[in-house]
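**Student:** What follows is each chain in one-letter form.
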Amino acid sequence: MPPTKELAMSSQTNVLSVPLDRGAVPATRSVVRQPRRRRLSGFAWEPWALAAILLTAWQLAGQALAGEGNPLLPPPLVVFAALRDSLPELWRGTISSFLILLPGYGTALVLGVTLGLLAGTTPWLGRAFFPVAKVAAPIPPTVFIPYAIAVLPTFHLSATFVVFLGAFWPIFLNAAAGAAAVEGRHRDNARVLGFSHFESLRKVVFPASLPHIFCGMGVGLGFSFILLTVAELFGANAGLGRFVQYYADYADYPRMVAGILYTGAVTWGAMTLLEQARHRALFWQR
Amino acid sequence: MSKIIAHVEHREGLRIESLDFAYGESLILRGIDLAVQAGEFLALLGPSGSGKSTLLRLLAGLERPTSGRLTAAGDPIDGPGTERAVVFQHYALFPWMTVADNVAEAVHKAHPGLARSERRARARAHLERVGLGEAAGRYPFELSGGMQQRAAIARALALESPFLLMDEPFGALDPVNRAKLQDLLLAVWQGSSPRPTLVFVTHGIDEALLLADRVAVMGANPGRIIRDYPVPFARPRERVALYQDPGFQRLREEIAETLDADTLTRLDANPEAGFHAANQGARYV
Chain A
1 MPPTKELAMS SQTNVLSVPL DRGAVPATRS VVRQPRRRRL SGFAWEPWAL AAILLTAWQL
61 AGQALAGEGN PLLPPPLVVF AALRDSLPEL WRGTISSFLI LLPGYGTALV LGVTLGLLAG
121 TTPWLGRAFF PVAKVAAPIP PTVFIPYAIA VLPTFHLSAT FVVFLGAFWP IFLNAAAGAA
181 AVEGRHRDNA RVLGFSHFES LRKVVFPASL PHIFCGMGVG LGFSFILLTV AELFGANAGL
241 GRFVQYYADY ADYPRMVAGI LYTGAVTWGA MTLLEQARHR ALFWQR
Chain B
1001 MSKIIAHVEH REGLRIESLD FAYGESLILR GIDLAVQAGE FLALLGPSGS GKSTLLRLLA
1061 GLERPTSGRL TAAGDPIDGP GTERAVVFQH YALFPWMTVA DNVAEAVHKA HPGLARSERR
1121 ARARAHLERV GLGEAAGRYP FELSGGMQQR AAIARALALE SPFLLMDEPF GALDPVNRAK
1181 LQDLLLAVWQ GSSPRPTLVF VTHGIDEALL LADRVAVMGA NPGRIIRDYP VPFARPRERV
1241 ALYQDPGFQR LREEIAETLD ADTLTRLDAN PEAGFHAANQ GARYV
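Protein sequence lines correspond, in order, to chains A and B. Counting from 1, position 245 in the first sequence corresponds to residue 245 in our numbering; the numbering is continuous, with no gaps. Counting from 1, position 7 in the second sequence corresponds to residue 1007 in our numbering; the numbering is continuous, with no gaps.
Heads up, some of the hints might be wrong.
Just the calculated beta-carbon pair ranges, DEER-fashion [unchecked claim]:
#, chain 1, residue 1, chain 2, residue 2, range
1, A, L157, B, R1064, 47 to 53 angstroms
2, A, P123, B, A1256, 42 to 48 angstroms
3, A, V110, B, R1064, 54 to 60 angstroms
4, A, V230, B, G1133, 55 to 61 angstroms
5, B, A1022, A, L157, 56 to 62 angstroms
6, B, R1069, A, V143, 56 to 62 angstroms
7, A, P123, B, D1245, 53 to 59 angstroms
8, B, E1083, A, V110, 33 to 39 angstroms
For the record, the hints were derived by calculation from the structure and aren't laboratory data. Cβ atoms here follow ideal geometry from the backbone N, Cα and C, with glycine treated the same way.
All chains should be modelled from the sequences, with the hints used to inform the complete structure.
**Tutor:** This is the structure:
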């Protein structure tokens, strides 16, 4: 036996000799990831060039319009000043918005993943859910907003509900698709290892479905932000959508544009966090 | 001690009685009768399409027969069970768990009451048995195919099952790694007491003769067992000496002829089917 082992090890030295622990990024993968990391950390000049062109065009157009006494397109410098002045208010708005977003999205995540995995693995639940999902999922959730505001007792509750609706279907459908697409070899292994239904859901179906689940989470998060801000246009007294709506009513275009930019940045930040979580959770995917 | 031996001698093996298996309209296996003694190493040898992997899946309980009966240790097989450990051809470790955690799942099934740390220690001991102690904390994607297959074997061993079912476990490996793993399997199997009853699916005649006590040769269209060859060579077997043994070469020829004859019979019956089979047959000689 010893020579066998020695040979096996020596043929693998390049992999084995690199000291790795569970948390470390394995050598082979960091090589694959390098180009991507470069792009993420902003070494590429192209996006900056495009941003500079857009900003310059904006500045020139805004100046020209302002010269004619037209306030509709405040130039970037004016907007940035307004943004700086509005930061405290925007921060309060962010908190208010997230108090809607997090419970709505969180509930959608927990219920969507749980029911999706169950429906994807339990035939009768699948038969119950999928036809309903087919009809209900394509309804644009925005159409529920007026009704939810009218029916539910508080704005907070109605907005949370609408955010939930928007995020639930994509998460549910993706989790179900992921559960149904678990590779046969993983299912066979769970069975020959004597896993119970619950055990195989937790240890096999859930991790194997994570790529799909994260895909659904991304779509769901996008929908959540759209629904959140639209709902706030209708009836909020605080929040990001409300901020934009409020200053639009007063024709304070610098603040309004600042609010749009800020909302974009917050959305981008949330998406980036999700992308990072996905990257960490799916480390095992080649 | 004597008690244990008596127990071993009375262990029952695997039994398949007049088994048919159809997939939709097509008959995959017909009239399979096979008994594997407890502690015996049986190779199922045959060309692609002879249903040998299907037969193994039936023994594993992953498929149900269309008709017929399967028993393990006298009990009917009506689903997968941890008393029948399985190693698949494609390293089927869970990629999101470390190698040690993969094995620890099997340890947990064999000994449900164990504390987590003890489970880890035993998983590591099983990995050491297959020469993978160093790799315990790694993830499957960090390992070569041969190492993943070692880990899969360690996981099967960790179930401590009386039956071990292996579906072309070394089929995807390069020749050097295949030879190393064949030696490892022999060492581990011979070193176990009691020895597990082992069913090993392969399409390599040399591999079957090197490893097994008995070779059941299967033919295709539909899959059936055409002959059963005892393998008389003494253990422990040494690869190079065995391959040069005239008795080995004779048996090897005989089995190759049996496979060819089956192919030719089919060639007469259905020239087109036979043509494909003949092409495949050439690979096994």
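**Student:** Against the structure shown, which of the earlier numbered hints fail to hold, in ascending order?
**Tutor:** 3
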